[in-house]
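Asker: Using our numbering, the first residue of the sequence shown is number 1, and each one after it goes up by one.
Hints in this document: simulated from the structure, not taken from any laboratory. Heads up, the beta-carbon is just placed ideally off N, CA and C, and yes, glycines get one too. Do not take every clue at face value.
Said to hold, decoys possible - No more than 16 Å apart at the CA atoms, straight line, and that leaves these computed lysine to aspartate or glutamate pairs for EDC-like:
1) K318 - E345
2) K388 - E378
3) K647 - E690
4) K647 - E659
5) K188 - E407
6) K446 - E410
7) K439 - D474
8) K467 - D498
9) K388 - E375
10) K413 - E443
11) K188 - E378
12) K319 - E342
13) K439 - E423
14) K318 - D350
15) K467 - D491
16) K90 - D55
Claimed, not checked - Using C-beta positions, here's what the derived DEER-type ranges look like:
17) T455 - Q281: 41 to 47 Å
18) H656 - P476: 34 to 40 Å
19) G555 - D86: 21 to 27 Å
20) E707 - D578: 36 to 42 Å
21) A586 - Q415: 27 to 33 Å
22) E181 - D491: 35 to 41 Å
23) D117 - Q424: 25 to 31 Å
24) K413 - D117: 42 to 48 Å
25) E181 - T282: 20 to 26 Å
26) I133 - E181: 53 to 59 Å
27) A466 - S509: 19 to 25 Å
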Amino acid sequence: MSDAPTLSITCLGAGQEVGRSCCVLQYRGKTIVCDAGIHPAYSGMASLPFIDELDWSTVDALLITHFHLDHAAALTYITEKTNFRDGKGKVYMTHPTKALHKFMMQDFVRMSSSSSDALFSPMDMAMSLAFIIPISVHQLITPCPGISFTPYHAGHVLGACMFLIDIAGLKILYTGDYSREEDRHLVKAELPPIRPDVLIVESTFGVQSLEGRPEKELRFTTLVHSIIRRGGHVLLPTFALGRAQELMLILDEYWKNHPDLHNAPIYYASGLARKSMAVYQTYIHTMNSNIRTRFAKRDNPFVFKYISNLPQPRGWEKKIAEGPPCVVLASPGFMQSGTSRELFELWAPDSRNGLVITGYSIEGTLARDIMTEPEEVEGLNGGMIPRKMSVAEISFSAHVDYAQNSEFIELVKAQHVVLVHGEQTAMARLRAAMTSRYKERDEDVKIHTPRNLETLNLSFRGERVAKAIGTLGDKPPRPNDLLSGLLVSKDFSYTLLDPRDLKDFAGLSTCTVTQRQKIVLGVRWQLVRWHLEGMFGTVEEGVDREGIPTMRIMGAVDVKQTQEHELTLEWDSSASNDMLADSTLALITGIDKSPASVKRMYFSPPQTSILLIDPCGKVTSQPHVHTKTDSHSHPHADHQDPVTRIKRLAWFLEAHFGEVELHMPDDDRQEEPEQGEDDNEPSLLVRLDEAIAQINLVSLTVASSHEALRKRVESVLDMAVTTVSSLRQSFVSKTVALGGEQGEIAAEGDSRSEDSDDVDSLLEVHD
Numbered sequence: 001m002s003d004a005p006t007l008s009i010t011c012l013g014a015g016q017e018v019g020r021s022c023c024v025l026q027y028r029g030k031t032i033v034c035d036a037g038i039h040p041a042y043s044g045m046a047s048l049p050f051i052d053e054l055d056w057s058t059v060d061a062l063l064i065t066h067f068h069l070d071h072a073a074a075l076t077y078i079t080e081k082t083n084f085r086d087g088k089g090k091v092y093m094t095h096p097t098k099a100l101h102k103f104m105m106q107d108f109v110r111m112s113s114s115s116s117d118a119l120f121s122p123m124d125m126a127m128s129l130a131f132i133i134p135i136s137v138h139q140l141i142t143p144c145p146g147i148s149f150t151p152y153h154a155g156h157v158l159g160a161c162m163f164l165i166d167i168a169g170l171k172i173l174y175t176g177d178y179s180r181e182e183d184r185h186l187v188k189a190e191l192p193p194i195r196p197d198v199l200i201v202e203s204t205f206g207v208q209s210l211e212g213r214p215e216k217e218l219r220f221t222t223l224v225h226s227i228i229r230r231g232g233h234v235l236l237p238t239f240a241l242g243r244a245q246e247l248m249l250i251l252d253e254y255w256k257n258h259p260d261l262h263n264a265p266i267y268y269a270s271g272l273a274r275k276s277m278a279v280y281q282t283y284i285h286t287m288n289s290n291i292r293t294r295f296a297k298r299d300n301p302f303v304f305k306y307i308s309n310l311p312q313p314r315g316w317e318k319k320i321a322e323g324p325p326c327v328v329l330a331s332p333g334f335m336q337s338g339t340s341r342e343l344f345e346l347w348a349p350d351s352r353n354g355l356v357i358t359g360y361s362i363e364g365t366l367a368r369d370i371m372t373e374p375e376e377v378e379g380l381n382g383g384m385i386p387r388k389m390s391v392a393e394i395s396f397s398a399h400v401d402y403a404q405n406s407e408f409i410e411l412v413k414a415q416h417v418v419l420v421h422g423e424q425t426a427m428a429r430l431r432a433a434m435t436s437r438y439k440e441r442d443e444d445v446k447i448h449t450p451r452n453l454e455t456l457n458l459s460f461r462g463e464r465v466a467k468a469i470g471t472l473g474d475k476p477p478r479p480n481d482l483l484s485g486l487l488v489s490k491d492f493s494y495t496l497l498d499p500r501d502l503k504d505f506a507g508l509s510t511c512t513v514t515q516r517q518k519i520v521l522g523v524r525w526q527l528v529r530w531h532l533e534g535m536f537g538t539v540e541e542g543v544d545r546e547g548i549p550t551m552r553i554m555g556a557v558d559v560k561q562t563q564e565h566e567l568t569l570e571w572d573s574s575a576s577n578d579m580l581a582d583s584t585l586a587l588i589t590g591i592d593k594s595p596a597s598v599k600r601m602y603f604s605p606p607q608t609s610i611l612l613i614d615p616c617g618k619v620t621s622q623p624h625v626h627t628k629t630d631s632h633s634h635p636h637a638d639h640q641d642p643v644t645r646i647k648r649l650a651w652f653l654e655a656h657f658g659e660v661e662l663h664m665p666d667d668d669r670q671e672e673p674e675q676g677e678d679d680n681e682p683s684l685l686v687r688l689d690e691a692i693a694q695i696n697l698v699s700l701t702v703a704s705s706h707e708a709l710r711k712r713v714e715s716v717l718d719m720a721v722t723t724v725s726s727l728r729q730s731f732v733s734k735t736v737a738l739g740g741e742q743g744e745i746a747a748e749g750d751s752r753s754e755d756s757d758d759v760d761s762l763l764e765v766h767d
């Protein structure tokens, strides 16, 4: 196997900052991008992620977690202004997210179209929307071979999800923005059932702890009530979608329970919020049980009794300011521009009015700056505006605090945790706190906090499992059996196939390449055989179907005497056969230079036979009646009988362990080995002090209750088999002691073989 594959994680945005979330995942040639947002504190090109750092045509999938601008507003620019469409990448988001993303982007384009640094046109936006593929929560999606992902509920806003991504077997959980607390209409974030290798998680609040929902709602409604009582107007800057609907559910219920407030109207000053109400009513089934129960009773919670949309005719701001006390929910939440900014500048000089910041405020925005309660604020026209209205922060931001985030991180149990979507200080504190928690429990979990454009490389050495199918899969192997076949890799999965099944299961055809090599050599045929026997052991000799004298080496390479002083090597090409042919060629070309060849120049011809090779490659031969056996075989040729091989094996073992005893199936000796004896097979007994090891001469396995002795005998036995065997025997089979056939010593049933007398003599020797 090559070096361990590396997962590269690069933040094009949201790296040690909040805003323009865009995380690039690259692993084994696949690229996935999670989120594509803008930075609300900037405008134009400066608000985009660092998109020039990526070749977007290489992206396989772009996943959007939810519809907020800081996670999705750059999508149109990427699909329409980069080379994204030159590749095969696809864009995915949930059904509610796509529906609400459309309204968000229409409002975004309307607000930015008057600016000189608009990022794209309404036409671009429409083209981008048509390119989005909507998906459902818990739906397994496979955008291309080797990549799959499943969305899970993330809380936060309607349609928000976290993605469990699988790239070539590596699992990554990307949370996006998530909440582990069930609110009035959303479920809390789910814990995926599969443990990921990497967790990429938000760190918005760092180690900050937030108050519980009941206490938070009580403080919020009490504050709003007190401002109304003193005759003031309440400004709630919030985004049109998401937290606005949660606040309206709280206020509508509170107004219902307090009749004294019925004369104080509640407005949401956003056409976008009004249009989105239809979406909220459509996707009731994705919300929590409280909302679904009310809807089942024909009580639609999003048909508000005490809240209405605020029409915005000419001069409406002054009419509201001069009117009775009221509550206005206005967007955007950061008050950089729009309705919320206009109302703030109009109401700021009046001390009766109150401003309640209800969400997370990004650094560099008016919503963050106003928290310091400055005496003056610079208006959009450049003038200074006195600030006398009260300012309070009661965060309904659906992000996890430290307690919820740390609990979720520990439940996920990922090997690597990557923190994103958090300011540098908050992220560093969270990293230190989590590192300390893991250190106390002696757990090796790595916490990472990459900056923008800082690539984080993580290496993984996971198991690679090959599945045997077809002919190999029909017959399950026994324990310790070696399974051989063709290893086929496709879409990062591995299968083991019999070569005959390759076409059926892999769609591939096979062929056999037969290679031939001619050699001019001025030596006799018998001398060539003598040298081949010395290297490879037994060599099959005869003539092929065309009557050409042929020697077959190890059942794979044929050496043919095609003409006088000319030999031809012929073999079916494979890794092992090519290696064998190379060694044969090297041996033959050196015969005429070998001093040993001189001693063999005048020996009689060897026995010849008719060598028949059937279409399956099986060799059968018949001795020629006029030939004689060459009595001067090479001393390394494997002509010895099974008993001779057993003797040599026993001598080798005796050299290492001393006494070695041959045990036959019908041996009536009382002494038994310590474990694993099979009474129907011959064996050798090795003794060392009080320990005994038994070597089965058929399977060449070692059994002993003494583990150290067993391992030592196995090691020596392996050397012995290699030493007493020819290259041919070692290459073809390891059952060398009995020549690869059980019947060479004992025939079927209880009858002894023709070599039984010799075996008995062995018993006498070892006794």
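Asker: Return holds or violated for the Cβ distance of A586 and Q415 against the range 27 to 33 Å.
Answerer: Given a distance of about 51 Å, which is not inside 27 to 33 Å, the answer is violated.
Asker: That 25 to 31 Å hint for D117 and Q424 (C-beta), does it hold up?
Answerer: 27 Å, holds
Asker: Taking 16 Å as the top limit, are the C-alpha atoms of K318 and D350 close enough?
Answerer: 13 Å, holds
Asker: In this structure, is the beta-carbon distance linking G555 and D86 contained in 21 to 27 Å?
Answerer: Since G555 and D86 have Cβ atoms about 55 Å apart, the given range 21 to 27 Å is violated.
Asker: Measuring from beta carbon to beta carbon, are A466 and S509 in 19 to 25 Å?
Answerer: 22 Å, holds
Asker: Verify the proposed pairing of K647 with E690, using a straight-line Cα cut of 16 Å.
Answerer: Violated, at roughly 24 Å.
Asker: Quickly compare the C-alpha distance for K439 and D474 to 16 Å and report which way the hint goes.
Answerer: 49 Å, violated
Asker: For the hint 41 to 47 Å, verify it against the beta carbon of T455 and that of Q281.
Answerer: 44 Å, holds
Asker: Assuming the hint says 42 to 48 Å, is it satisfied by the Cβ distance from K413 to D117 or not?
Answerer: About 45 Å separates the Cβ atoms of K413 and D117, which means 42 to 48 Å holds.
Asker: Could you grab the alpha-carbon distance between K318 and E345 and see if it respects the 16 Å cut-off?
Answerer: 11 Å, holds
Asker: If I claimed the Cβ atoms of I133 and E181 lie 53 to 59 Å apart, would that claim hold in this structure?
Answerer: 30 Å, violated
Asker: Verify the proposed pairing of K188 with E378, using a straight-line Cα cut of 16 Å.
Answerer: Violated: K188 and E378 sit about 39 Å apart, past 16 Å.
Violated hints, listed in ascending order, are 3, 7, 11, 13, 19, 21 and 26; each of the other numbered hints is respected by the structure.
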